[in-house]
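For this one, chain A is given, so just place chain B on it according to the hints.
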Amino acid sequence: MDNIVVGIVSGKGGVGKTTLTASLASLASNDEEFTPIILDCDVDAPNLAIILPPNSGVDPQKKDTFTTIKASFISDKCVHCKKCIDDHFCEFNALTWNEEKEVPIIDYLKCEGCSACKVLCPEHAFEIHPVKSGEIISYENKYDSLLIYGKTQLGSTTSGKLVSEVKDFAKHSPKFNSSNLTIVDGPPGIGCPVIAMLSGLNYVIAITEPTPSGLHDLVRILELVEQFKIPFSIVVNKADLKSPFQKKFKKYIKDTRHKILGNIDFDYAIPEAMSFAEPVVDYAPNSKASIAIKKIYDNLKKQLNHI
Amino acid sequence: MATKPVIICVTGGKGGTGKTLVAVNLATMFKNGGYKTLLVDGDGENPNTYLLLGGELGKRKEVLFFKPSINEEKCTKCGLCAENCVPHALLHVKDSIPVPILAVCSGCKLCYKICPTGAIEADYKTVGWIYELNEKGLDLLVGELKPGEARSASVIEALLEELENKVNQAETKYDVVIIDTAPGAHCDVEELIEAADYVIPVTEPTRFGLTDLIRINELISLLHKEFRVIVNRSTLLGFKNQFFEDLDKLHLDNLGNIPLHDEVVNSYCAGIPLMENKREREKMGPAYNAFLEIFENVKEWTNIKK
Numbered sequence: 001m002d003n004i005v006v007g008i009v010s011g012k013g014g015v016g017k018t019t020l021t022a023s024l025a026s027l028a029s030n031d032e033e034f035t036p037i038i039l040d041c042d043v044d045a046p047n048l049a050i051i052l053p054p055n056s057g058v059d060p061q062k063k064d065t066f067t068t069i070k071a072s073f074i075s076d077k078c079v080h081c082k083k084c085i086d087d088h089f090c091e092f093n094a095l096t097w098n099e100e101k102e103v104p105i106i107d108y109l110k111c112e113g114c115s116a117c118k119v120l121c122p123e124h125a126f127e128i129h130p131v132k133s134g135e136i137i138s139y140e141n142k143y144d145s146l147l148i149y150g151k152t153q154l155g156s157t158t159s160g161k162l163v164s165e166v167k168d169f170a171k172h173s174p175k176f177n178s179s180n181l182t183i184v185d186g187p188p189g190i191g192c193p194v195i196a197m198l199s200g201l202n203y204v205i206a207i208t209e210p211t212p213s214g215l216h217d218l219v220r221i222l223e224l225v226e227q228f229k230i231p232f233s234i235v236v237n238k239a240d241l242k243s244p245f246q247k248k249f250k251k252y253i254k255d256t257r258h259k260i261l262g263n264i265d266f267d268y269a270i271p272e273a274m275s276f277a278e279p280v281v282d283y284a285p286n287s288k289a290s291i292a293i294k295k296i297y298d299n300l301k302k303q304l305n306h307i
Numbered sequence: 001m002a003t004k005p006v007i008i009c010v011t012g013g014k015g016g017t018g019k020t021l022v023a024v025n026l027a028t029m030f031k032n033g034g035y036k037t038l039l040v041d042g043d044g045e046n047p048n049t050y051l052l053l054g055g056e057l058g059k060r061k062e063v064l065f066f067k068p069s070i071n072e073e074k075c076t077k078c079g080l081c082a083e084n085c086v087p088h089a090l091l092h093v094k095d096s097i098p099v100p101i102l103a104v105c106s107g108c109k110l111c112y113k114i115c116p117t118g119a120i121e122a123d124y125k126t127v128g129w130i131y132e133l134n135e136k137g138l139d140l141l142v143g144e145l146k147p148g149e150a151r152s153a154s155v156i157e158a159l160l161e162e163l164e165n166k167v168n169q170a171e172t173k174y175d176v177v178i179i180d181t182a183p184g185a186h187c188d189v190e191e192l193i194e195a196a197d198y199v200i201p202v203t204e205p206t207r208f209g210l211t212d213l214i215r216i217n218e219l220i221s222l223l224h225k226e227f228r229v230i231v232n233r234s235t236l237l238g239f240k241n242q243f244f245e246d247l248d249k250l251h252l253d254n255l256g257n258i259p260l261h262d263e264v265v266n267s268y269c270a271g272i273p274l275m276e277n278k279r280e281r282e283k284m285g286p287a288y289n290a291f292l293e294i295f296e297n298v299k300e301w302t303n304i305k306k
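Protein chains in written order, with the numbering used here: chain A, 1 to 307; chain B, 1 to 306.
No false leads were slipped in.
Distance condition first, Cα-Cα at most 27 Å in a straight line; then the derived DSSO-like pairs of lysine-lysine:
#, chain 1, residue 1, chain 2, residue 2
1, A, K118, B, K67
2, A, K110, B, K146
3, A, K82, A, K110
4, A, K70, B, K125
5, A, K242, B, K278
6, B, K306, B, K136
7, A, K70, B, K225
No wet-lab data here; the hints were simulated from the structure.
This is chain A alone, in the form it adopts within the complex (with noise of 0.2 Å):
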């Protein structure tokens, strides 16, 4: 049995990865079809968990990760001839010169462990190391499905490397084998960590919301996917929204002929399930949005069914 990786991607932010992530991971645990992996790749602010939380008695499983590497000196070696800065050792300017004690400082945030200072130094005075970087967290959530998300150490330059380390770590999860659908919820933009999102993805969902931010953002990111050659479809959030700029909107999709997933109009249901600290799927079944998301769903079989 093959495993379908769906990811749910936006370029910008807050127009409603998560809460549609939630709902689908509701409706496919629930669903006789599907074993699902649920994933959170926003590992700079993983916010699925609050809204899948472990089942009772479950203990979340933490693994430390060290994808970050950076770069150490050893002041005994070191002869003081300030090559590492008269040469420009350092591409990323981490390497700045001590003038009282004539040693170099290497400023953590900006090495990237690249090696050239330690490849470079005639006393190799500098030495690399792996450091953590963040952490990869499981557990069985309520619907009995495995989540798994990853979480960055602040300030460790990493976001992109811990993405592929949180989907390998799924990948090598003895569940992947038996699921048959893993769910990701993305990181915003269209960067590093997205890039790194994408690779391997079966099928893109784009979300997006009828607003210049929102379709400015959506071009951009579909750039990439189509990059990737995924195939992808839109799902437009707050579809309802006054605004004078709908019918910009509506001229692009309809210009460009992307398929439309299903639209959520604005729901008091969906910030109200949210505050519950529930899937809007879960929290008001018989609501508008949760109407719409039911169809995106089933919409999104009809779609995985082709691949």
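Only chain B this time, still in chain A's reference frame:
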């Protein structure tokens, strides 16, 4: 010597809380108040400030990034470059010329520096652009990452360099610089917070808003910066009461609350900042008045002089 401008960084952790809304309107109020103002868009992945100002990006400068180029005639196929490349961006099979894998190259130039025969030459690729524009009388500096490129940090570095140049120019004596950041708490956001004197995290009264606020505050504290929060969509029901209780418990200073109101969405979609509106105060709604109060609080806090 010219005095340095005060730099305020608007950030937030969570996406879509209103960072850009606050940055653009704050800059608009400073500009209209007679302060020499520069707005910097540091969300390289998705720069949106110019959209809220109803502008378009025009003339641009390229942000270049190193890429190794192998001179096959000089290469002795020794493999030293690949051996020392930490992110494995050079693929070397015995007795063959190494192949660069640009997607994972960190640009450290180590290969270029250690090749014994000088067979690795420095080439450059475009990873993004820097734009300088003036929209509705406001000076704007925008960094944009090229879609498909991962190195947004390089765009941010180039943007900060450009900012430094602009601030040091004699003819542009800025009183205040407002920086807008990407969501998240990654290196791009970190660099921009680092560059600022004051930091404003924008949040919303939801569980996600609170969780991400606590995380971004940790990062700001790690960088030893002073910060005060702004609560957007402050009238959103549901989690509101618990949110404001928790804000109190955490002893967080609050610059003001922006209520949910149509005037915000309308100005946003029309590409005219809410605070660009010149009508009398009495005719404007609660969000407008909230911004006026925030402006007074920001001035008092930062003590910015004209």
